[in-house]
Amino acid sequence: LLNSGDRFIISGKLIEQPGGNLLLAGFYSNSIQKEKLRGFFINKIDVKTGELTINSFKEINSSMLGAASLDENEETKTKSKETENPEDDDDKDQFPNDFIIRSVYVNPSDSSIVINSEVLKRTFYFSTSTYNDGGRRTTYTTSYDGFINKDLLIINADKDGNIRWVNAIPKSQREEVVS
45 LLNSGDRFII
55 SGKLIEQPGG
65 NLLLAGFYSN
75 SIQKEKLRGF
85 FINKIDVKTG
95 ELTINSFKEI
105 NSSMLGAASL
115 DENEETKTKS
125 KETENPEDDD
135 DKDQFPNDFI
145 IRSVYVNPSD
155 SSIVINSEVL
165 KRTFYFSTST
175 YNDGGRRTTY
185 TTSYDGFINK
195 DLLIINADKD
205 GNIRWVNAIP
215 KSQREEVVS
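Residue numbering for the sequence shown follows this note's numbering, starting at 45 and increasing by one per position.
Note that these hints are calculated values from the structure, not bench results.
Backbone N, C-alpha and C define an ideal beta-carbon position, used for all residues, glycine too.
Among the hints, erroneous ones may be present.
[As the list claims (entries may be wrong)] Simulated restraints on C-beta separations:
hint	residue 1	residue 2	range
1	Phe170	Lys194	50 to 56 Å
2	Thr167	Gln61	31 to 37 Å
3	Tyr149	Phe170	38 to 44 Å
[Claimed, not checked] Calculated pairs, DSS-like style, for lysine-lysine (alpha carbon to alpha carbon, straight line, at most 25 Å):
hint	residue 1	residue 2
4	Lys92	Lys165
5	Lys78	Lys102
6	Lys92	Lys194
7	Lys194	Lys165
8	Lys194	Lys102
9	Lys78	Lys165
10	Lys78	Lys92
11	Lys215	Lys92
12	Lys57	Lys102
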């Protein structure tokens, strides 16, 4: 049984590993409205026994970017700062909610996990044009289906789901298909 407490999945990806085990990785929020991304989770299930071998939930924030793995003292200091200034609970330490998992890799040599994700927004709109050509009226409808891909978020965790590092790579890319 998976106990997620007060965590609500925003997005995730299920991967079948060599040997048949299942790995579920994704992002969660602490509110049912899923307004703010608060962390990531990794769950690993042994399909032969049905046993949950990894059940890891880890809060992440922008102060972790580019940092090597946090030890207990650093993690405690970060939590103390958050507790001391509850009125500063604005978006400066938040990640966008639009991250989707692109891939999850498991390193076969040490079973560490790398989660690659990016912000993805989809756009879709129509444009209609009418032309008069010597008494003939022609209407053209063009549809635009687009994707806006933004920042990448890469998380490296050890085999037990503990964060080694988190990095954000800023980018902005737009793709549009016109038909």
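Now the hints, each set against the structure:
1. Phe170 with Lys194: 50 to 56 Å: violated (24 Å)
2. Thr167 with Gln61: 31 to 37 Å: holds (35 Å)
3. Tyr149 with Phe170: 38 to 44 Å: Check passed, 39 Å falls within 38 to 44 Å.
4. Lys92 with Lys165: violated (38 Å)
5. Lys78 with Lys102: holds (16 Å)
6. Lys92 with Lys194: violated (39 Å)
7. Lys194 with Lys165: holds (8 Å)
8. Lys194 with Lys102: Between Lys194 and Lys102 the Cα gap is close to 23 Å, so the pair holds against 25 Å.
9. Lys78 with Lys165: Answer holds: Lys78 to Lys165 is near 16 Å, not above 25 Å.
10. Lys78 with Lys92: Violated: Lys78 and Lys92 sit about 33 Å apart, past 25 Å.
11. Lys215 with Lys92: Not OK: Lys215 and Lys92 at ~42 Å, beyond 25 Å, violated.
12. Lys57 with Lys102: Within the cut-off at roughly 16 Å; holds.
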